[in-house]
Structures are given as structure tokens and as C-alpha cells.
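Chemist: Count the sequence shown with the numbering used here and you get residues 362 to 556, in order.
Rather than coming from a laboratory, the hints here were simulated on the basis of the structure. Worth double-checking, as some hints may not be accurate.
Said to hold, decoys possible - Pairs of lysine to aspartate or glutamate, DMTMM-like flavour, derived with a Cα cap of 25 angstroms:
(1) K500 - D420
(2) K425 - E456
(3) K426 - E469
(4) K459 - E399
(5) K401 - E522
(6) K426 - E461
(7) K444 - E469
(8) K426 - E502
(9) K459 - E516
(10) K500 - E469
(11) K459 - E522
(12) K547 - E419
(13) K500 - E522
(14) K444 - E502
(15) K426 - E456
(16) K459 - E469
(17) K425 - E469
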Amino acid sequence: MKSRIVLIAVLFCCSVSNHLWAQEKEEASGSSASEHEEFKPHSTVALVFSHAHVFSGEDAGGQKKVLIMPAWGLDYNYHLSPKWAIGLHTDIIVESFKVEGNDGETIERSYPIAPALMGIYKPNHHWSLMAGAGGEFAKEENFFLTRLGLEYGAEIRNGWEVFGSLAYDIKWSAYDTWVLGLGISKAFGGHHKHE
């Protein structure tokens, strides 16, 4: 089941990337170089308010329940080029909860923190496709994770941007989480301004 979800997510990201690349190529053919300033490598820092969804959660009585929990995200990205960036994305679920693990046993989590090193591809200045790996850490137990993500951002001004994000965390040998968020970021050290 997990491999099917990963395959569907990868195919979806490839499809979106291909569509956006074609759209950007079409837009670029009608625009002039004077519309864009020269790109300079830069950093961005973002704060994200999100909700983590766990479909294999358990209530106090041990019954299966979908859990929707508040979470915060703190993201740091270094933009190497207009298309590529690397980052450290850290999610913190601000609740304790129980889930049914992949082996059927109950797993307890207390305010887990999940940092991941991410590779980021930007087919255009709005969309970002992300993939990376890291860990989820809590006092009970730590898990290795793989994270896939998609973001759509819109620049406000002076390096500020708002964005929506969707991420899928696979905690191997444990459980999976969907995270839907809304964030704001600030660029430092020069950035590529789009008109």
C-alpha cells in the first residue's frame, strides 16, 4: 500500500512538473530578458502553520480515528539557481497522540519534531516540488522518514512571499502523515524578482 502511495505521489509530481515546465516555456517565449533582474543565490526563512492528518490514529479507547492535529513548520532554504534549492524543513506537531503502526501495534507520540533535508525544484517562480529525508524525534521513539512535498507561492513585495504547502511524510516502520499548511517566507541576500 505504501509503495502505491509513493508511486502515485511521484507520478503526480512528475505530471505537475511537466505541465508547469511547458507552461513556463510558453510564457518565456513571449517575455523579454528586461522583465527579470539577474538571479543571485539567496536564503529564505519561512514560518508555516499547518495541520497534520494521520489516518491510522487512535482515540482514548483504542478505536481507529482520523487525527487532525495543529503543527508548526520552520523552513530554511538556500536557492542555488532560479530552479534549484536545498533546505532544512522542520515540522513540530503540538500534541501528544496515539497511532496504529504498520505492524498493528499502538505507537505513542509526544510533541514529535520532524526535520528533513530537502531538495527543491522550481519549474516556475510559483511552484516548488520537494523531496527529502530526515527523522521524526519524540521521547518515546525516533523514526526515519521520507518527505515529498508541493508548494505554491506568491510574492508580496521586498522578498516576502505567502505560500500553501502539501507534504507527505512516510515514517518507515511506523505510520504516515499528510501535512497541509499556509506559510510566509522572507528572502535574504538578494533574490530573483519577478515582474
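Chemist: Please verify whether K500 and D420 have alpha carbons no more than 25 angstroms apart.
Modeler: holds (20 angstroms)
Chemist: Decide if the proposed pair is consistent with the structure: K425 and E469, CA atoms, cutoff 25 angstroms inclusive.
Modeler: holds (14 angstroms)
Chemist: Given the hinted pair K547 and E419, is their alpha-carbon gap at most 25 angstroms?
Modeler: Violated, at about 38 angstroms.
Chemist: Need the status of pair K459, E522: alpha-carbon distance at most 25 angstroms?
Modeler: violated (35 angstroms)
Chemist: Check whether the Cα positions of K426 and E461 lie no farther apart than 25 angstroms.
Modeler: holds (10 angstroms)
Chemist: Need the status of pair K444, E502: alpha-carbon distance at most 25 angstroms?
Modeler: violated (37 angstroms)
Chemist: Starting from K500, check that the Cα of E469 is at most 25 angstroms away, please.
Modeler: Holds, at roughly 9 angstroms.
Chemist: Take the C-alpha atoms of K401 and E522, compute the straight-line distance between them, and say whether it is at most 25 angstroms.
Modeler: Holds, at about 17 angstroms.
Chemist: Given the proposed pairing of K425 with E456, does the C-alpha separation stay at or below 25 angstroms?
Modeler: holds (17 angstroms)
Chemist: Taken at face value, is the distance from the CA of E456 to the CA of K426 at most 25 angstroms?
Modeler: Roughly 15 angstroms separates the two Cα atoms, so the pair holds.
Chemist: Keeping to a limit of 25 angstroms between CA atoms, is the pair of K426 and E469 held or broken?
Modeler: Holds, at roughly 14 angstroms.
Chemist: Sort out whether E516 lies within 25 angstroms of K459, counting only the CA atoms.
Modeler: violated (38 angstroms)
Violated hints for the displayed structure, listed by number in ascending order: 4, 7, 9, 11, 12, 13 and 14.
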